[in-house]
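Asker: One-letter residues, chain by chain:
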Amino acid sequence: MPDSRIFRVASDMHYSAGSLMPSDKSYSDIPGTIVFDSDMARRGFHANQFCMSLMRPENRERFLADESTYLDEWPMSAAQKDAFLRRDYNALLGLGANVYYLSKLFFTDGQSFEQGAAAMTGMPREAYRAMMLAGGRPLAGNRYREESGGG
Amino acid sequence: MSHVPAVGAASDLGNTGDDYWKPLFAGFEVSRKWIAERCPDVVVLVYNDHATAFDLNLVPTFAIACGEEFEIADEGWGRRPVPNVRGAPDLAWHVRQAVIEDGFDLTSVGNVPVDHGLTVPLTVMFDRPDAWPVRVVPLAVNVIVYPPPSGQRCYALGKAIRRAVESFDEDLDVQVWGTGGMSHQLQGPRAGLINSEFDARFLDGMVHDPEGLARIPHIEYMRDAGSEGIELVMWLVMRGALDARVREVHRHYHVPASNTAFGHLILENGP
Numbered sequence: 001m002p003d004s005r006i007f008r009v010a011s012d013m014h015y016s017a018g019s020l021m022p023s024d025k026s027y028s029d030i031p032g033t034i035v036f037d038s039d040m041a042r043r044g045f046h047a048n049q050f051c052m053s054l055m056r057p058e059n060r061e062r063f064l065a066d067e068s069t070y071l072d073e074w075p076m077s078a079a080q081k082d083a084f085l086r087r088d089y090n091a092l093l094g095l096g097a098n099v100y101y102l103s104k105l106f107f108t109d110g111q112s113f114e115q116g117a118a119a120m121t122g123m124p125r126e127a128y129r130a131m132m133l134a135g136g137r138p139l140a141g142n143r144y145r146e147e148s149g150g151g
Numbered sequence: 152m153s154h155v156p157a158v159g160a161a162s163d164l165g166n167t168g169d170d171y172w173k174p175l176f177a178g179f180e181v182s183r184k185w186i187a188e189r190c191p192d193v194v195v196l197v198y199n200d201h202a203t204a205f206d207l208n209l210v211p212t213f214a215i216a217c218g219e220e221f222e223i224a225d226e227g228w229g230r231r232p233v234p235n236v237r238g239a240p241d242l243a244w245h246v247r248q249a250v251i252e253d254g255f256d257l258t259s260v261g262n263v264p265v266d267h268g269l270t271v272p273l274t275v276m277f278d279r280p281d282a283w284p285v286r287v288v289p290l291a292v293n294v295i296v297y298p299p300p301s302g303q304r305c306y307a308l309g310k311a312i313r314r315a316v317e318s319f320d321e322d323l324d325v326q327v328w329g330t331g332g333m334s335h336q337l338q339g340p341r342a343g344l345i346n347s348e349f350d351a352r353f354l355d356g357m358v359h360d361p362e363g364l365a366r367i368p369h370i371e372y373m374r375d376a377g378s379e380g381i382e383l384v385m386w387l388v389m390r391g392a393l394d395a396r397v398r399e400v401h402r403h404y405h406v407p408a409s410n411t412a413f414g415h416l417i418l419e420n421g422p
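Taken in order, these protein sequences are the chains called Z and B.
Residues 1 to 151, numbered by the working numbering, are exactly what the first sequence covers, in order.
Residues 152 to 422, numbered by the working numbering, are exactly what the second sequence covers, in order.
There's no promise every hint is true.
Claimed, not checked - Stretch by stretch, here's where chain B covers chain Z in the computed footprint (C-beta under 8 Å, at least three residues):
no.: 1; stretch: 98-111
no.: 2; stretch: 122-136
To be verified - Okay, the calculated beta carbon distance ranges per label pair:
no.: 3; chain 1: Z; residue 1: P138; chain 2: B; residue 2: D169; range: 24 to 34 Å
no.: 4; chain 1: Z; residue 1: A65; chain 2: B; residue 2: H401; range: 42 to 52 Å
no.: 5; chain 1: Z; residue 1: A79; chain 2: B; residue 2: E348; range: 35 to 45 Å
no.: 6; chain 1: B; residue 1: E317; chain 2: Z; residue 2: S38; range: 34 to 44 Å
no.: 7; chain 1: B; residue 1: E180; chain 2: Z; residue 2: R62; range: 27 to 37 Å
no.: 8; chain 1: B; residue 1: E399; chain 2: Z; residue 2: D66; range: 51 to 61 Å
no.: 9; chain 1: Z; residue 1: E126; chain 2: B; residue 2: E348; range: 37 to 47 Å
no.: 10; chain 1: B; residue 1: G178; chain 2: Z; residue 2: E126; range: 20 to 30 Å
no.: 11; chain 1: B; residue 1: D355; chain 2: Z; residue 2: Y144; range: 35 to 45 Å
no.: 12; chain 1: B; residue 1: N235; chain 2: Z; residue 2: P57; range: 18 to 28 Å
no.: 13; chain 1: B; residue 1: S301; chain 2: Z; residue 2: Y144; range: 21 to 31 Å
no.: 14; chain 1: Z; residue 1: S77; chain 2: B; residue 2: A177; range: 42 to 52 Å
Derived from the structure by calculation, the hints contain no laboratory data.
Since the model is a prediction, treat every value here as computed from it, not as a measurement.
For every residue, glycine included, the Cβ atom is placed at its ideal position computed from N, Cα and C.
One chain only, chain Z, in its complex shape:
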């Protein structure tokens, strides 16, 4: 009898749908949070590299002059391009964009990181700033998806 233990170990690993990586993804139940892991980096590679291109002033100008044409130069999905046009940052996080890369777009739009963060929370900027001055968003009720109403 061949020893099949090694195969059992492999088959016990959890493969999420469409994923190349075995992972327990124990971090998937943190509310309002998308961990920028290998799956997300794979999905968002070109979206993030597009953001990276906005580090150069001549690219920022070209993008702002004709966003669709500029986005079409990047091999992104239609959903990613659409989310960029709508500045739907939360959708972009789910499509593999990382917030440090997205910040290049905030700055291109003349927004601060604080404004970008506020936009993702759905709070008006002043309310977000007031929350931070009062000590920030509390942990209570924000540790697990089930306690935050689905996160």
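Let chain Z serve as the given structure and place chain B on it in line with the hints.
Answerer: Okay, now just chain B, sitting in the frame of chain Z:
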């Protein structure tokens, strides 16, 4: 210490005396006096690059910069009006070889542009000089593409760096700075999360129980200190380079600095 970009902007724009920033900058006065009295020759500065020098084409888990001079990056709003950073290539190349021989497969890079992750800590300690009074060995840690190296690995790297610095021929005064954190989340609907209790425990642990801190799993940082709070693993490189017993010289903690809890701790070897 934390390396919040808005802290650099406040310094550059001369806003450090306004109501928002004054309490934070007040806590740096002790630090600046301390370092004026014992300014090292070289700082090994553990930081992370924020999609500046490294994008998804190149993501080193640990990278040591062995160059002679580091340009200040334009991060999208123009370069910070601070001096370029001088490297310490002789020490850096030595540390690179010694640390790899000691079991850490570091990536070596040369003259990389540096962003707020590296320059804000210099501003915190030295204010606005015409030239930085120290040379710097940048030690970049990937904390953006999950997973970062474990706390244990960061702590052990600090020990290896200590051995490497001690085996260098030249008699240099070297400090190790760990940067990033503290609790904060910059992304998604949970952005703005702060956990002052976690941060206080972490600061205590840096002094008295670094081995306990090194065992904190990534999930705990992300869940309890925010997805970007995981940057705190970089503090463990610094702590690993120190003696088991350390003296707390200065502690400063303030909320908020933009989206983040700002923490700052100065430790010296010895009881």
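Asker: Against this structure, judge whether each hint is valid.
Answerer: How the hints compare with the structure:
1. 98-111: holds (count 8)
2. 122-136: holds (count 7)
3. Z:P138 to B:D169: 24 to 34 Å: Distance hint for Z:P138, B:D169 holds at roughly 26 Å.
4. Z:A65 to B:H401: 42 to 52 Å: For B:H401 against Z:A65, whose Cβ atoms are near 50 Å apart, the range 42 to 52 Å holds.
5. Z:A79 to B:E348: 35 to 45 Å: holds (39 Å)
6. B:E317 to Z:S38: 34 to 44 Å: Once the Cβ atoms are compared, 37 Å apart, the range 34 to 44 Å for Z:S38 and B:E317 holds.
7. B:E180 to Z:R62: 27 to 37 Å: Given about 46 Å between the Cβ atoms, the range is violated.
8. B:E399 to Z:D66: 51 to 61 Å: Holds, since B:E399 and Z:D66 (Cβ atoms, about 56 Å apart) stay within the stated range.
9. Z:E126 to B:E348: 37 to 47 Å: Because 27 Å falls outside the window, the suggested range is violated.
10. B:G178 to Z:E126: 20 to 30 Å: holds (26 Å)
11. B:D355 to Z:Y144: 35 to 45 Å: Violated - the Cβ-Cβ distance for B:D355 and Z:Y144, about 26 Å, lies outside 35 to 45 Å.
12. B:N235 to Z:P57: 18 to 28 Å: Given range 18 to 28 Å: holds, Cβ gap about 20 Å.
13. B:S301 to Z:Y144: 21 to 31 Å: holds (23 Å)
14. Z:S77 to B:A177: 42 to 52 Å: Cβ of Z:S77 to Cβ of B:A177: about 49 Å, so the range 42 to 52 Å holds.
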